[in-house]
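Enquirer: Taking the hints into account, I'd like the entire structure generated from these sequences.
With mature numbering (1 follows the signal peptide of the UniProt record, and there is no 0) applied, the sequence shown covers -32 to -1, 1 to 145.
Take these hints with a grain of salt, some might be off.
Unchecked claim - No more than 27 Å apart at the CA atoms, straight line, and that leaves these computed lysine-lysine pairs for DSSO-like:
hint : residue 1 : residue 2
1    : Lys57     : Lys15
2    : Lys57     : Lys29
3    : Lys29     : Lys15
4    : Lys12     : Lys57
Just so you know, these hints were derived from the structure itself, not from any lab.
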Amino acid sequence: MKGFFQVLQHLCAARALCLLAGLWLWAGVALAQVRVTGTVSGAKDRKPIPGAAVFVQGTNKGTVANNEGDFSITVSNTDTLLFRAVGFKPQRLPLDRTGLSQIVVQIYLVRDSIQLGEVRIQEGRPDRSTINRALRNVRRPTPQPTPYAARRRPSRCFPLIPLLLVTRFPRWQAPSA
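Expert: Here it is in C-alpha coordinates:
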(Lines of atoms letter the chains of each structure in order from A and count residues from 1; the text may use other names and numbers.)
(Lines give C-alpha, C1' and ligand atoms only; values in the text may rest on other atoms or scores of the structure.)
Protein backbone atom coordinates (compact mmCIF):
# COMPACT_ATOMS: atom_id res chain seq x y z
CA MET A 1 0.00 0.00 0.00
CA LYS A 2 2.85 2.34 0.82
CA GLY A 3 4.29 1.92 -2.68
CA PHE A 4 0.95 2.81 -4.29
CA PHE A 5 0.76 6.15 -2.49
CA GLN A 6 4.37 6.97 -3.39
CA VAL A 7 3.63 6.29 -7.08
CA LEU A 8 0.47 8.38 -6.84
CA GLN A 9 2.44 11.21 -5.21
CA HIS A 10 5.07 11.10 -7.99
CA LEU A 11 2.32 11.18 -10.64
CA CYS A 12 0.73 14.23 -9.03
CA ALA A 13 4.11 15.97 -8.88
CA ALA A 14 4.78 15.13 -12.54
CA ARG A 15 1.34 16.43 -13.57
CA ALA A 16 1.90 19.62 -11.59
CA LEU A 17 5.27 20.15 -13.31
CA CYS A 18 3.70 19.55 -16.74
CA LEU A 19 0.91 21.98 -15.90
CA LEU A 20 3.41 24.66 -14.80
CA ALA A 21 5.52 24.13 -17.93
CA GLY A 22 2.40 24.44 -20.10
CA LEU A 23 1.34 27.64 -18.37
CA TRP A 24 4.84 29.05 -18.76
CA LEU A 25 4.88 28.28 -22.49
CA TRP A 26 1.36 29.66 -22.94
CA ALA A 27 2.33 32.91 -21.18
CA GLY A 28 5.37 33.19 -23.45
CA VAL A 29 3.16 32.88 -26.53
CA ALA A 30 0.64 35.38 -25.13
CA LEU A 31 3.36 37.99 -24.53
CA ALA A 32 5.26 37.30 -27.75
CA GLN A 33 6.93 40.26 -29.40
CA VAL A 34 6.43 40.84 -33.11
CA ARG A 35 8.78 42.93 -35.24
CA VAL A 36 6.69 44.77 -37.82
CA THR A 37 8.53 46.34 -40.75
CA GLY A 38 7.22 47.76 -43.98
CA THR A 39 6.52 50.76 -46.16
CA VAL A 40 3.83 53.44 -45.97
CA SER A 41 2.68 54.64 -49.41
CA GLY A 42 -0.12 56.65 -50.94
CA ALA A 43 -3.02 54.56 -52.25
CA LYS A 44 -3.43 56.48 -55.50
CA ASP A 45 0.11 57.11 -56.72
CA ARG A 46 1.97 54.40 -54.71
CA LYS A 47 4.64 56.95 -53.74
CA PRO A 48 6.21 56.58 -50.28
CA ILE A 49 5.01 58.93 -47.55
CA PRO A 50 8.00 60.24 -45.57
CA GLY A 51 7.30 61.18 -41.96
CA ALA A 52 4.23 58.96 -41.57
CA ALA A 53 3.64 58.14 -37.90
CA VAL A 54 3.21 54.52 -36.76
CA PHE A 55 1.72 54.20 -33.26
CA VAL A 56 0.58 51.37 -31.04
CA GLN A 57 -3.07 52.22 -30.44
CA GLY A 58 -3.79 53.26 -26.86
CA THR A 59 -0.14 53.91 -25.94
CA ASN A 60 2.51 56.52 -26.68
CA LYS A 61 4.86 53.97 -28.26
CA GLY A 62 5.55 54.66 -31.90
CA THR A 63 7.98 55.45 -34.69
CA VAL A 64 8.21 57.63 -37.79
CA ALA A 65 8.76 56.46 -41.36
CA ASN A 66 12.00 57.56 -43.04
CA ASN A 67 12.35 59.39 -46.38
CA GLU A 68 11.54 56.23 -48.34
CA GLY A 69 8.44 55.54 -46.20
CA ASP A 70 10.08 52.56 -44.45
CA PHE A 71 9.45 51.87 -40.76
CA SER A 72 10.26 49.23 -38.14
CA ILE A 73 8.65 48.72 -34.73
CA THR A 74 8.57 45.91 -32.17
CA VAL A 75 5.17 45.36 -30.52
CA SER A 76 3.16 42.71 -28.71
CA ASN A 77 1.17 40.27 -30.86
CA THR A 78 -2.10 41.56 -29.36
CA ASP A 79 -1.56 45.22 -30.27
CA THR A 80 -3.16 47.27 -33.02
CA LEU A 81 -0.99 49.57 -35.13
CA LEU A 82 -2.26 53.00 -36.17
CA PHE A 83 -0.77 54.67 -39.26
CA ARG A 84 -1.17 58.44 -39.65
CA ALA A 85 0.13 61.11 -42.00
CA VAL A 86 -0.84 64.71 -42.67
CA GLY A 87 -3.39 64.88 -45.49
CA PHE A 88 -4.26 61.15 -45.29
CA LYS A 89 -6.94 59.17 -43.47
CA PRO A 90 -5.61 57.10 -40.55
CA GLN A 91 -5.51 53.32 -40.97
CA ARG A 92 -5.49 50.56 -38.33
CA LEU A 93 -3.73 47.19 -38.53
CA PRO A 94 -4.75 44.69 -35.80
CA LEU A 95 -2.15 41.95 -35.26
CA ASP A 96 -4.71 39.52 -33.71
CA ARG A 97 -2.32 37.16 -31.90
CA THR A 98 -0.30 36.15 -34.91
CA GLY A 99 2.13 33.35 -34.20
CA LEU A 100 4.78 35.09 -36.28
CA SER A 101 7.83 36.82 -34.88
CA GLN A 102 8.30 39.15 -37.86
CA ILE A 103 5.76 40.71 -40.23
CA VAL A 104 6.46 42.74 -43.37
CA VAL A 105 3.53 44.93 -44.43
CA GLN A 106 2.75 47.38 -47.21
CA ILE A 107 0.35 50.10 -46.01
CA TYR A 108 -1.54 52.29 -48.48
CA LEU A 109 -3.05 55.46 -47.02
CA VAL A 110 -5.98 57.16 -48.74
CA ARG A 111 -5.93 60.93 -49.21
CA ASP A 112 -8.25 62.87 -46.92
CA SER A 113 -9.83 65.67 -48.91
CA ILE A 114 -11.43 68.44 -46.93
CA GLN A 115 -13.97 70.31 -49.02
CA LEU A 116 -14.30 73.97 -48.19
CA GLY A 117 -17.81 75.27 -48.68
CA GLU A 118 -16.95 78.83 -49.58
CA VAL A 119 -13.90 81.06 -49.48
CA ARG A 120 -14.31 84.82 -49.57
CA ILE A 121 -11.44 87.11 -50.33
CA GLN A 122 -12.15 90.71 -49.51
CA GLU A 123 -10.03 93.61 -50.42
CA GLY A 124 -9.48 96.47 -48.10
CA ARG A 125 -7.44 97.82 -45.26
CA PRO A 126 -8.36 98.36 -41.64
CA ASP A 127 -9.02 101.98 -40.79
CA ARG A 128 -6.58 104.07 -38.81
CA SER A 129 -8.48 103.89 -35.51
CA THR A 130 -8.39 100.05 -35.53
CA ILE A 131 -4.63 100.04 -36.10
CA ASN A 132 -4.03 102.66 -33.38
CA ARG A 133 -6.21 100.73 -30.90
CA ALA A 134 -4.22 97.55 -31.55
CA LEU A 135 -0.90 99.37 -31.12
CA ARG A 136 -2.03 100.99 -27.85
CA ASN A 137 -2.76 97.59 -26.33
CA VAL A 138 0.77 96.32 -26.96
CA ARG A 139 2.70 96.16 -23.69
CA ARG A 140 6.35 97.04 -23.96
CA PRO A 141 8.66 95.95 -21.16
CA THR A 142 10.71 98.67 -19.52
CA PRO A 143 14.42 98.15 -20.14
CA GLN A 144 16.40 97.30 -17.01
CA PRO A 145 20.06 98.29 -16.72
CA THR A 146 22.20 95.17 -16.93
CA PRO A 147 25.73 94.89 -15.63
CA TYR A 148 28.45 94.46 -18.21
CA ALA A 149 29.45 91.06 -16.81
CA ALA A 150 25.94 89.70 -17.32
CA ARG A 151 26.00 90.65 -21.00
CA ARG A 152 29.42 89.14 -21.50
CA ARG A 153 29.55 85.44 -22.35
CA PRO A 154 31.92 83.30 -20.29
CA SER A 155 35.00 81.91 -21.99
CA ARG A 156 37.86 79.61 -21.07
CA CYS A 157 40.33 82.39 -20.52
CA PHE A 158 38.00 84.61 -18.53
CA PRO A 159 35.31 82.59 -16.77
CA LEU A 160 32.30 84.47 -15.50
CA ILE A 161 32.37 84.83 -11.73
CA PRO A 162 28.81 85.30 -10.49
CA LEU A 163 29.75 87.44 -7.49
CA LEU A 164 31.79 89.91 -9.52
CA LEU A 165 29.69 92.59 -11.17
CA VAL A 166 31.52 94.95 -13.46
CA THR A 167 29.59 97.88 -14.86
CA ARG A 168 30.60 99.93 -17.84
CA PHE A 169 31.05 103.62 -17.25
CA PRO A 170 31.13 106.26 -19.97
CA ARG A 171 34.56 107.46 -21.03
CA TRP A 172 36.04 110.18 -18.97
CA GLN A 173 36.54 113.36 -20.90
CA ALA A 174 38.79 116.16 -19.85
CA PRO A 175 36.91 119.35 -19.18
CA SER A 176 37.29 121.77 -22.03
CA ALA A 177 39.04 124.97 -21.17
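Enquirer: Compare the structure with each hint and give your call.
Expert: Now for the hints, and whether the structure bears them out:
no., hint, in the structure
1, Lys57 <-> Lys15, "holds, 16 Å"
2, Lys57 <-> Lys29, "holds, 20 Å"
3, Lys29 <-> Lys15, "holds, 26 Å"
4, Lys12 <-> Lys57, "holds, 13 Å"
No hint from the list above goes unmet by this structure.
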